[in-house]
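Visitor: Protein chains in written order, with our numbering: chain A, 1 to 362; chain B, 363 to 621; chain C, 622 to 1274; chain D, 1275 to 1592.
In short, the hints are calculated from the structure, not lab data.
Quick reminder that beta carbons are idealized off the backbone N, C-alpha and C, glycines included.
Misleading hints may appear alongside valid ones.
[Claimed, not checked] Computed from the model, here is a short list of chain A residues facing chain D with C-beta under 10 Å:
no., residue
1, L48
2, F52
3, V140
4, W151
5, I326
6, L329
7, I333
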Amino acid sequence: MFYRETGQFKSKYKEELAAFPLAEDKVGIIILLVIAYVFIPIFGIPGLPFEFTMGAIMIPVFIFTITTLGLNILLGFAGQISLGTGAFMGVGAYSCYKIMTIFPDLNIIICVILSGLVTAVVGMIFGLPSLKIKGFYLIVATLAAQFFLEWAFIRVAWLYNYNDSGGIEGTNKEMFGLIVSGPQSDALTRYFIVLTLLVLLTWLASNVIRGRIGRSWMMIRDMDIAAELIGVRPLTAKLSAFAFSSFYIGISGALMVFFWLGAAEVESFDVSHSFTYLFMVIIGGLGSITGSYMGAALVWVIPVLIKEIGKTVFGFDAFIMENFSIIFLGVAIVVILIVEPHGLARLWQITKQKLRLWPFPY
Amino acid sequence: MSEKNSVIMEVKNINLRFGGVIAIQDVSFNIFEGEIRAIIGPNGAGKSSMLNVINGFYHPQEGEVWFNGEKRPSMEPYQIAKTGIARTFQNIALFKGMTTIENVMTGRQLKMNKNFFWQMLRYGPAIDEEVQHRRRCEEIIDFLEINHIRKTPVGSLPYGLQKRVELARALAMDPKILLLDEPMAGMNVEEKQDMSRFIIDVNEEFGTTIALIEHDMAVVMDLADRVVVLDYGKLLADGTPAEVQSNQAVIDAYLGVPH
Amino acid sequence: MAENDSSLDTFPKVLARNVSKFGNSPAYREKEYGIWQTWSWSEANLEIMNLAKGLIKIGVKEGDHVAVIGRNRPYLYWSLVAAQHIGAVPVPLYQDAVADEMEYILTHCSATFAIVGDQEQVDKIHEIQDKIKGLKDIVYVDPKGLRGYEKSNLHFFNDVTNFGKDDNGDLQAELSKRMAKITGETTSVLLYTSGTTGRSKGVVQTHKAIIGASSGANEFDRWSPNDHIVCYLPMAWVGDFMISVGQVMVAGACLNCPEGADTVQMDVKEMGPTVFFGPPPLWERLKTEVNIRIEDASSFKKGAFHYFMNHAEKVGKKILEKASVGFLDRLIYSLGEFIIYGPLKNMLGLTKVRIAYTAGEAISAELFDFYRALGINLKQLYGQTEASVFLTMQDDNDVRSDTVGKPIRGVELKIAESGEVLYRSVGAFKEYYKNPKATQETKDKDGWVATGDAGYIEESSGQLRIIDRAKDVGKMKSGSMFAPKYVENKLKFFPNILEAVLFGSGKDKCVAFLNIDLSAVGNWAERHNINYASYQELASNEKVIEMMKQHVEEVNQDLAADTTMSGCQIHRFLILHKELDPDDGEITRTRKVRRSFVAEKYDELVTALYKGDNEVSTKTEVTYEDGKKGYLEATLALVDAQTYMLKEKSDAA
Amino acid sequence: MEILYAIFIAPFVEMGSYPDLFIQALWDGFVAGTLYGLIALGFVLIFKASGVFNFSQPILVVLAALSLVSFYKMGIPAWISVILVLIMFYVLAWLVERLILRQLVNQDGNILFMSTIGLTFIIIGAAQWIFGGVPNAMIVNELGFPSGSLEWPIFGGGVYFEMIDVSAAVIAVIMIVILAVFFSKTKIGRGLRAVADDHQAALSVGISLNQIWVIVWFVAGIVALVTGIFWGARSDVSFALQIIGFKALPVLIIGGFTSIQGAIIGGLIIGLGEKIFEIYWGPLLGSGVEGWFAYVIALVFLLYRPQGLFGDKLIERV
């Protein structure tokens, strides 16, 4: 309905290969950016307290979107299943913590990026089995990673500087004279940093996916034998996928602790979280960037709202609402699988297609 | 068309076994540069296995593969692809999650090499590379007359077209040798004619050497320059279509097999 | 505006002007390799010049006839222009012409060179080569499949242009010498009429004529260099030549060539032309398509569609013609624009269309209004090959489906006492090639040209109104007027009727042949689950015949309303067992019925109709696509149709 | 140097010098192994019959134990509670078939697998909601299982056999025998086997696919109950139990997804392996290694025999 594609012809491949070849889509994205950068910071979400909006909805959703992007790159684009996401976020978080303690004056953003790189390396190591082990069996390898790392986060006291709490926590960090992280930091500042990182990482991801490397991932995913006979080297393809994916997951882990929770213990990275992130990917839609956004938002926000509404409106106690939201997640996943195994992204795709063909059905 | 007598590929005394099962038994033959070479034989004769040996998917227990006049060391399939051997598959092996153009682009992977950094920015060298190879793929798409399905997800294409897209993907590799595993399996007469025409065009326009497996004798006879006949993993005959057709052993083998 | 600059009387001058004035703006585009390859005027000029030199090099002489055959591609349009530059005469041919038609034209104009699109055309020419003496060499654009061919008299297009590129100066010299000789009076093109009657005639047009007519038309509809059009109609057809070469070059606009025959609609949508030319059948097809696709849409969409289309029919035309419309209506219309009209135009690729033309045949008011209601400025125009097309056109705010507009600049009209329309114009042709007799018959010494159409100028609007082909207009036994085309058009306005042929000149009653429209009737049949294997089977179905009967009687009703025409009511008709087919010579490539030919060929059917039999069996020769001939046998039902007296009609209404 | 000694010599010296402890370790490992085996068995049953990798098996164990205890706490006699639990599981099996499996029929394996993860969450949420999250003690004695332990004095030291463990082992063995018989002898059992390879065959036996699914899920429930009782007896009955469910995965990798005996043998390998490693090598790394050691075993296994102990080698074709 909104689409007027007539006359949007391309006379160069560059135009054709652009991220959003259709003018309407460009406009849409710009509107979204304006909302994210201007409206929400000023007005928040109507009907919700500002602090809550930032702390309980926007920031975590952005962070988990990064996580989901990461997992989606691995699972959705490269077709390598992983249940180690939680632990890999842990790697990001702990390594960021160490980096900050070792280089106290290093800019925190740099620390975050570096921790992403560390995670990438760890991810590659645990990705090695994927060369021999295919499909479903890979779950074992990744679970091994999950449990080993969980164990390491407890046993290796060096990781949390031998403090008795056994956890890690952020201290105030300044950037351009502004406290960006730690207890004193302002939610809005953190919001902007996280948002900007998200936008940046999304852009990078979409670039890689559309290019040579992204293609090699999808080749492995769709038909690994054919891919190899065409000249894709499984080693590089799979490991690069693990690395790139872990890079994102690591960053999200670091952000989660130092731009959202402020402090964390091993529980924040256990296997049940791995599942939640898996849900985000599946509900959002395998192999779709848009889906990663939708999945993360839905899986995070709905339970939060359920709890909030249950508490404030019906006055249920937290425990009940907690369980209720768990059930909701379970139901959501089953329903999605039944209705549209390709997730919300596909539903969105279909709607978009309908809009493009409007008023015709085909 | 290039002079058809310089050997580009030769297999010598290939033996291939799976556990106890003997797939290929002491088979030798060669392929001339620029020719269309057919491998025929009843089901289970070891034709596909032969292709799999040639492009390194199977490693024969004994035997040598000579390519461009030198003995080929044992390599991984992806390395062999680099040496200029492309193939299509008996039951189509397209990348279902991609469109036609994307599938064809995968054929250019080997020729692209811009690093992760540029890939992430999708700028400068990376995008230039993309564009340059896209152009080549478009030419092939045009050549095989699949322009109208350029942006269609391959999964939704009719069988005949999928086969053609697969051929396009293989061509995109600018191969020295093109292996076609039953390019016309399950096609109706018309589609077969088209496909044969394309195979000949490819061979003429690009001078590509082609080795193909085909059941339909008639087709093989007007397509191929020379024919190898396999039966139960053994070499039954080797020669021009005419020679092969008149070969008693071949006739028996084919009469022996219900078709 | 450049158009008025009378010094621009030759295409070389026009091209030079475009290079100097719009050098960098796009001139030609072609969808190839997935994107629109683009040439600016300067780039195109370079191509054309090199090609021209190359043609000189391979021996094209001044005055030579150069045949141009193939689908719409820039290279072939350049060939036309290049030929003009070297004083040769381009002769565009229909690419789907069968070998012997080609042979006729090539021998008639004794073409010495042919520039063709691809292998198919080369093969066709080779097939007839020995019969056509004059033809020396062939230039081919697409080398695919030609690798193995014997090349002595074959040239690859790029090689020819390369001759031009690595010219050491002599070619340039020769070219300049030749260009200097070209004047407005020089022949610029030889166009073959589709030949409604007998063999087609070669119409000789000068540079001045083509440019004059084009600039007249451009001026009338304010063409600008920003206009771009998509060419998809046969290059050999005068209309395409006038638009794609004449108007585009004169206006300095941009010509866009689709990727191939089967992608035209897609490509039009991508390109979004600002000016669009389509013959009535195309507009008909588009509308049918819209209706069919809407049929399958959800009930909500269907509802919205019908609601807003009704509203559009009420106010759409008024709004388009800037007439006064109530605020609420405007509001609803603009809502409709967003929800239905806009998307619809977008799907049809007509969003950016500034002017759309229909011509060649009459168009039904209902069809015409459908598009205008959507806000598409669809207009009639009237013209013919001999006039370089443009004679009359319609002002934006004075558009009607039953008239064809006012004469444009440089055109005088007068009506002969026979009722035939005569004109005198800049675009008027020089002569029929090698046919002085015909030339004299059509063009008198004062330059008045007979259109061959009967018509009159409406006092009220001053617009021209065409009734029928002059020679077809006859008298019936009763003495009342017999205007077959007029009636046939009324019939053809029914989507279900593809073609109709009316007989009755000198007889006391009229009878008709009908062709059903396979796609439309086929759809109808599916919806009423009538299954059919072939055209013939569907055509002989009782339900279909019944439907046709109703159509015929409707036509009879409004004929009865018109005193002059009431005599032409159809008493009996039959549905032909085969579609009228250019390959059988029954209609022209532009789908004009060859009346006399049909009358002869199906004489037995006509007599049977008049004899009053209830059915007749017949055997007809048909030509298949591959040129082979075969026979078709069938038994046809002969149907009586209700006719009306004036008074009956009034109470029927 | 010391490190090499600590790794390659010391543990064995210790085994040799304190054989009673070693035997104790073996026994504990054996019991753990059988229980791992039982959980794996639950997976195998469902996978065999419906090709579904039922991720919710561990939570079924928890559900069984938890509901059993809770029913008892409501004052229902122990054995009645057991029956109630069984009924509950039958209903559950029926619901799962109706609401999930039937909807996803002939979807590919991964999707079915994901759906069981969803199911897991639903059960967790519901179970916590209804039974609450607090740990309970399993009602061993009430069910009439012997308590206490026998001591077997040997090598100067002594080995303790917890009665409950003994009965666990016994019951486990009995169950396996029953199931083996059930699968090979009974009509339904053969039907179930058939389903795995080919649905038509199953129908020919005269049972509808849907029935079969209900049955296997029910049987898997029974297995879960047994497992639940004994795990509950060894540790507390709480949601922490599900974590041991993850152990089933390595077991399956080793034993193969479709083989009953595989499940048991795999279970034993893991059980013994991690116990021994924990006791003799664990200290080197700081304890708690059994959290991941099982996976390492499985991983090593996969790298050498990707098809598992009882699977057969697959030839890739193109």
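Visitor: Which of the listed hints are broken here?
Guide: Result: hints 1, 2 break, sorted rising.
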